[in-house]
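Participant: With the sequences and hints as input, model every part of the structure.
Protein chains: 2
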Amino acid sequence: MKRIAESTVRRLSLYLRFLEDFEKRSIGTISSDELAARGSTTSAQVRKDLSFFGSFGKRGLGYSVPELLARLRQILGLDHEWHVVIVGAGKIGAALAQYRGFSQRGFRIVALYDSDPEKVGRTVDGLQIRPMSALTAESHHHRPDIAVLAVPATAAQEVADIVVAAGVRAILNFAPQQLQVPDTVALKEVNMAIELEGLSFALTNLRM
Amino acid sequence: MKRIAESTVRRLSLYLRFLEDFEKRSIGTISSDELAARGSTTSAQVRKDLSFFGSFGKRGLGYSVPELLARLRQILGLDHEWHVVIVGAGKIGAALAQYRGFSQRGFRIVALYDSDPEKVGRTVDGLQIRPMSALTAESHHHRPDIAVLAVPATAAQEVADIVVAAGVRAILNFAPQQLQVPDTVALKEVNMAIELEGLSFALTNLRM
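Protein chains in written order, with the working numbering: chain D, 1 to 208; chain A, 1 to 208.
The list treats identical chains as one, so a pair stands whether inside a single copy or across any two.
Lysine-lysine pairs mimicking DSSO-like chemistry, simulated, CA-CA at most 30 Å apart: (1) K119 / K91; (2) K48 / K24; (3) K188 / K48; (4) K91 / K188; (5) K119 / K188.
Derived from the structure by calculation, the hints contain no laboratory data.
Facilitator: Okay, here's the thing in structure tokens:
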């Protein structure tokens, strides 16, 4: 398969949400124009995005909402369950553990870890915080696919090495620290300061 | 000025961090190769990214670390203070209010708002939670540039309309809801579920 740009994947996630909304409103067919209008993009872009994954829709008839929904779920890997471990039970980690959006999309949080003995044993949303030292052994049982890192920057690389060694193949990193991971591991970073800098850049340009 | 891709701006933020690290280690000059190696990119990409903003460095001599740092801060709008309001004092909002990375970059949190009377009046990291109904009037005084929305999806558009009317020109949205804002307002969205879907997509492709 061709390498697909991250921006394309993000638009697929958005199309999925629009289609779910169309389905709720019992709309059976939609055009690329309608999808484009919802996503603030062009119908050419919608057709191009979808064309990576085969042929959809019929000329002049548009896309079948249930068919395109099923196919998008499959493309995005949302047609089965992923096991997620969260490392770091501070504010961000705890907020993520309680976020309903994950389970709705088939991301099952199988464990929450922290290295702080004060936190270990407490319960967040029905999930008992486990000691970091137990992660490797427990991963034989949990078989995590994805690790969410909500740890301090100074600990992030060490934790990444541990979860990769434990078999995790995708990491969502909230620590403000660039991670080195093998090429076979997918990595995404959410860095609040960098998001704000993007806005600062935009504000500065708007002022020019 | 040409429209600059979001991915370019993100790389500028990363270069800034690398240069800060070089400065701490008292390194006076660096080559585009060295910057590229740190950022897992190519030296051609580094030169292209920087060329948008004028001419830097001398052929064969590389870039002066302090000069490039100063210029990057200016390009990113980090050479002066931005006023930030956070709306929503739940877990995410409270975590953001306490995040040191913001103030280090000149993002000053001037106020934290919530519509829940139970939360109003409490203090998060020295900041008293103010009632949402006070935002418009208090903005005459605070003059917020940026609003961070950490509110439920159902409230997000209404809150966006309020902050835009109050003079905010940039929004960082944590609510899982697409927002409509005027073209003159910069908008960034952080959607945890969409980040995880990007990983799910990558995992699915690695499996193919």
